[in-house]
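On the provided structure of chain A, position chain B as indicated by the hints.
So the protein lines, in turn, are chains A and B.
With our numbering applied, the first sequence covers 970 to 1373.
With our numbering applied, the second sequence covers 970 to 1373.
Incorrect hints may appear among the rest.
[Unchecked claim] With a straight-line Cα cutoff of 30 Å, these simulated BS3-like cross-link-like pairs (lysine-lysine) come out: (1) LYS1204(A) <-> LYS1243(B); (2) LYS1300(B) <-> LYS1300(A); (3) LYS1183(A) <-> LYS1086(A); (4) LYS1284(B) <-> LYS1284(A); (5) LYS1284(B) <-> LYS1055(A); (6) LYS1284(A) <-> LYS1086(B); (7) LYS1306(B) <-> LYS1084(A); (8) LYS1284(A) <-> LYS1306(B); (9) LYS1084(A) <-> LYS1002(B); (10) LYS1146(B) <-> LYS1084(B); (11) LYS1204(B) <-> LYS1268(B); (12) LYS1007(B) <-> LYS1268(A); (13) LYS1116(A) <-> LYS1243(B); (14) LYS1316(A) <-> LYS1306(A); (15) LYS1116(A) <-> LYS1284(B); (16) LYS1284(A) <-> LYS1002(B); (17) LYS1060(B) <-> LYS1086(A); (18) LYS1368(A) <-> LYS1243(A); (19) LYS1300(B) <-> LYS1284(B); (20) LYS1003(A) <-> LYS1086(B); (21) LYS1204(B) <-> LYS1002(A); (22) LYS1204(B) <-> LYS1284(A); (23) LYS1316(A) <-> LYS1180(A); (24) LYS1002(A) <-> LYS1086(B); (25) LYS1300(A) <-> LYS994(B); (26) LYS1180(B) <-> LYS1003(A); (27) LYS1183(A) <-> LYS994(B); (28) LYS1183(B) <-> LYS1003(B); (29) LYS1284(B) <-> LYS1003(A); (30) LYS1300(B) <-> LYS1002(A); (31) LYS1306(B) <-> LYS994(A); (32) LYS1116(B) <-> LYS1003(A); (33) LYS1002(A) <-> LYS1007(B); (34) LYS1204(B) <-> LYS1197(A); (35) LYS1183(A) <-> LYS1060(A); (36) LYS1180(A) <-> LYS1300(B); (37) LYS1086(B) <-> LYS1146(B); (38) LYS1284(A) <-> LYS1116(B); (39) LYS1060(A) <-> LYS1284(B).
Hints in this document: simulated from the structure, not taken from any laboratory.
There are 2 protein chains.
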Amino acid sequence: MINVSILGFGTVGSGVYQIINENNKELEASTGKKIRVKSILDNRKSVNPDIAGILAEKFEDIENDEEISVVVETIGGTGAAYDFVKRALLKGKNVVTSNKALVEMYGSELLRIAKEKNVAFLFEASVGGGIPLIRTIGDAFAGEVIKEIDGILNGTTNYILTCMTEEGQSFEEALQKAQELGYAERNPEADIEGYDTGRKIAILSSLACGKEVKFSDIYTEGISKIEKVDLEYAKQMSMAIKLCGSATVDDNGDIAAYVCPMMLDRDNPLYMVKGVFNAILLEGNMLGRTMLYGSGAGKLPTASAVVSDILSIIKLGSNRLPIEWSEERAKVLPMDKTSHRYFIRFKDVDEKHITRCRRAFADSEVIRLEGLDEFAVLTGYIREKDFNLVSESLNDIIKFIRVR
Amino acid sequence: MINVSILGFGTVGSGVYQIINENNKELEASTGKKIRVKSILDNRKSVNPDIAGILAEKFEDIENDEEISVVVETIGGTGAAYDFVKRALLKGKNVVTSNKALVEMYGSELLRIAKEKNVAFLFEASVGGGIPLIRTIGDAFAGEVIKEIDGILNGTTNYILTCMTEEGQSFEEALQKAQELGYAERNPEADIEGYDTGRKIAILSSLACGKEVKFSDIYTEGISKIEKVDLEYAKQMSMAIKLCGSATVDDNGDIAAYVCPMMLDRDNPLYMVKGVFNAILLEGNMLGRTMLYGSGAGKLPTASAVVSDILSIIKLGSNRLPIEWSEERAKVLPMDKTSHRYFIRFKDVDEKHITRCRRAFADSEVIRLEGLDEFAVLTGYIREKDFNLVSESLNDIIKFIRVR
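Pulled out of the complex, with its shape left as it was, chain A reads as follows (with noise of 0.2 Å):
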């Protein structure tokens, strides 16, 4: 018999407590043992008539009941759920959490204390919800050169920009729809800001360098002043804009790592990622690329994910493919050493100025939506340094996107 506790009892919490009862024998069949949930946490002190028989008072009772070998966290934050999951760890008890501003604060130190005290530290659902993100970078990628992460990993601001291309909305009124489906937050600020994504992608970074990245240390922009003419631009040019999340391993092991809108043509696999979906392309050194795609969130593919990870700790122990990374911080680049293509829209179409802009960029071509008194230029892949430089001699800039 295997006992979890589960700290925290909201949509993912109590997604897990569901999956572990509906999916009982399956779980037993594929494990060989028996699964229950002796105990739940929640301070809310949920009168949820299922679960009132279960509910611990104290974190203490999980932490001093030598039966639990699991604790599930799903508090979120990195206050008490920080507090709890690292005294678990410490009472050689195995964690999984669905956390990533925990994994992504305090991921190096409690991947530490997991290995010291031999016991599993997973954190499957803290990225990209029910897709098998973490383990296929831990299980397939294991002897792959990870070169490059990019990903759209947040499915609230891809649900604004799917509105906004299809069906012509401006930013606010997508905002709005999303707030009034339950997609995005009364505060949006982490996700259309790009923090959300940020954490993700420092995790992910982390995972394929083997060292600390920091989402101090990552470049983030979100998507709030995407306009509605931006999308016009894209879809004359056959592109998309998609928030995406990257990262980038140089031979040195140095990382880039940014956040930031991206306009993709048509035969980048992310173009076709639509509304709250989200995917990941992977590429390594002999693999190739592999996107993986599908729910980022939502109460059972993130509690699945908790439960995936809940298996293999059953099944595998301590005898897993190592997700981990050491406490070393790793080199990041700063984003004036990153190279694009850039989309930059100006003012004024007088055609001298036209001229003057896009010889200012070599391989640039014109592009200009009827009717409007302005255009763009799409330019070759410059260093982020040469095209501020270049950017700050020419007038009238509107904005500028960068182009994958």
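Positioned in the frame of chain A, the structure of chain B alone reads:
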């Protein structure tokens, strides 16, 4: 030191050799053990000077070499490959293969022998090349009830259909181009008639339901009858035609499994899969839909899948989540018990005939292409048996294509 022996030194075998050598440092880092290719068996007596020193004379030398713990089979077919794999397992060696014919034909027996001998028989590379499909089913979907598998599993046919769609080529022209580029074999039957996809969906269905599903039980229809005009209709309906391998598992554990060209609408994530790429949608009862996308073939992606199996053997030994099925034969539903929407082309555009054909299928709509002396009808969901009954009563059917 882990000693590996490679049987067959063609595309995949030489790729495995290359990866073990070129990524040796990463492989050692990820497993904690040194890995080397100790011997290679190749009946062409290849004179590649790199491997001259480790060429085995005969299989018995490998079979009796107690240092060899992992045998990689890349010979193909079910003759020598079956003999050697079985003998290697019986000698207590782990086996990794990229050979779908072997896995489809003898998988149940070889899995049983591996279990009896407490060694691994792994075959990630046999389906979907570099896409980590089999381990995703065994690992991330362990404990899920798999409801549906739907995939583009053959790069050759997808390349041909892409050329026909995007460049307006005929089937024959596109096939010839695929042959010139080395994507299609001189005898392309196994690809274009869907047999390759059928073997792969047999393996995936077996994994999904835990019982043996044989290729011979799977309805298989290829793409050789797809015409340019079919793709023009598809385009007008904002659909794409793809060769899909599909399996659904009902609540009794019965399987419906078939391979046929499918019309997919734009919201289907498989719609955008172009060229030689493969992709597969998995639907679990809790996880929802996940898609994996990547290189379904190619030397290094396929070899990389073999190497990831080797890593898994080194690291996990027999403590793995089960990737297996029993020798019990699954009950596969006959095609006439499956349900689909149908796209049906009719000769003769007489208005009465059109009305009769449309009314014969409730909820159907008529599609016309300008300048053609024919029309088409798109039906709602019908059981194939009923579809057959109704269509027998109608004149002038040119062809039909199922619609997802």
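These are the hints, each one checked on the structure:
1. LYS1204(A) <-> LYS1243(B): OK: LYS1204(A) and LYS1243(B) at ~20 Å, within 30 Å.
2. LYS1300(B) <-> LYS1300(A): Given pair LYS1300(B), LYS1300(A) is violated - Cα atoms ~56 Å apart, limit 30 Å.
3. LYS1183(A) <-> LYS1086(A): holds, 25 Å
4. LYS1284(B) <-> LYS1284(A): Satisfied, since the Cα-Cα distance of roughly 14 Å is no more than 30 Å.
5. LYS1284(B) <-> LYS1055(A): holds, 27 Å
6. LYS1284(A) <-> LYS1086(B): holds, 19 Å
7. LYS1306(B) <-> LYS1084(A): It is violated: about 53 Å lies between the C-alpha atoms, which goes past 30 Å.
8. LYS1284(A) <-> LYS1306(B): Violated, at roughly 38 Å.
9. LYS1084(A) <-> LYS1002(B): holds, 19 Å
10. LYS1146(B) <-> LYS1084(B): Answer violated: LYS1146(B) to LYS1084(B) is near 45 Å, above 30 Å.
11. LYS1204(B) <-> LYS1268(B): Violated. LYS1204(B) to LYS1268(B) sits at ~33 Å, over the 30 Å cutoff.
12. LYS1007(B) <-> LYS1268(A): Distance of about 49 Å is beyond 30 Å: violated.
13. LYS1116(A) <-> LYS1243(B): holds, 23 Å
14. LYS1316(A) <-> LYS1306(A): holds, 28 Å
15. LYS1116(A) <-> LYS1284(B): It holds: about 23 Å lies between the C-alpha atoms, which stays within 30 Å.
16. LYS1284(A) <-> LYS1002(B): Holds. LYS1284(A) to LYS1002(B) sits at ~22 Å (cutoff 30 Å).
17. LYS1060(B) <-> LYS1086(A): Roughly 37 Å separates the two Cα atoms, so the pair is violated.
18. LYS1368(A) <-> LYS1243(A): holds, 24 Å
19. LYS1300(B) <-> LYS1284(B): Violated. LYS1300(B) to LYS1284(B) sits at ~36 Å, over the 30 Å cutoff.
20. LYS1003(A) <-> LYS1086(B): holds, 26 Å
21. LYS1204(B) <-> LYS1002(A): Violated, at roughly 51 Å.
22. LYS1204(B) <-> LYS1284(A): Given pair LYS1204(B), LYS1284(A) is violated - Cα atoms ~48 Å apart, limit 30 Å.
23. LYS1316(A) <-> LYS1180(A): Violated, because 44 Å separates the two Cα atoms, which is more than 30 Å.
24. LYS1002(A) <-> LYS1086(B): With Cα atoms ~22 Å apart, LYS1002(A) and LYS1086(B) stay inside 30 Å; holds.
25. LYS1300(A) <-> LYS994(B): holds, 21 Å
26. LYS1180(B) <-> LYS1003(A): Measuring from Cα to Cα gives roughly 23 Å; hence the hint holds.
27. LYS1183(A) <-> LYS994(B): holds, 26 Å
28. LYS1183(B) <-> LYS1003(B): violated, 39 Å
29. LYS1284(B) <-> LYS1003(A): OK: LYS1284(B) and LYS1003(A) at ~25 Å, within 30 Å.
30. LYS1300(B) <-> LYS1002(A): holds, 28 Å
31. LYS1306(B) <-> LYS994(A): The given pair, whose Cα atoms are some 28 Å apart, holds under the 30 Å limit.
32. LYS1116(B) <-> LYS1003(A): holds, 23 Å
33. LYS1002(A) <-> LYS1007(B): Violated, at about 39 Å.
34. LYS1204(B) <-> LYS1197(A): Answer holds: LYS1204(B) to LYS1197(A) is near 27 Å, not above 30 Å.
35. LYS1183(A) <-> LYS1060(A): holds, 27 Å
36. LYS1180(A) <-> LYS1300(B): Given pair LYS1180(A), LYS1300(B) is violated - Cα atoms ~50 Å apart, limit 30 Å.
37. LYS1086(B) <-> LYS1146(B): violated, 47 Å
38. LYS1284(A) <-> LYS1116(B): holds, 23 Å
39. LYS1060(A) <-> LYS1284(B): With a Cα-Cα distance of about 26 Å, the restraint between LYS1060(A) and LYS1284(B) holds, given a limit of 30 Å.
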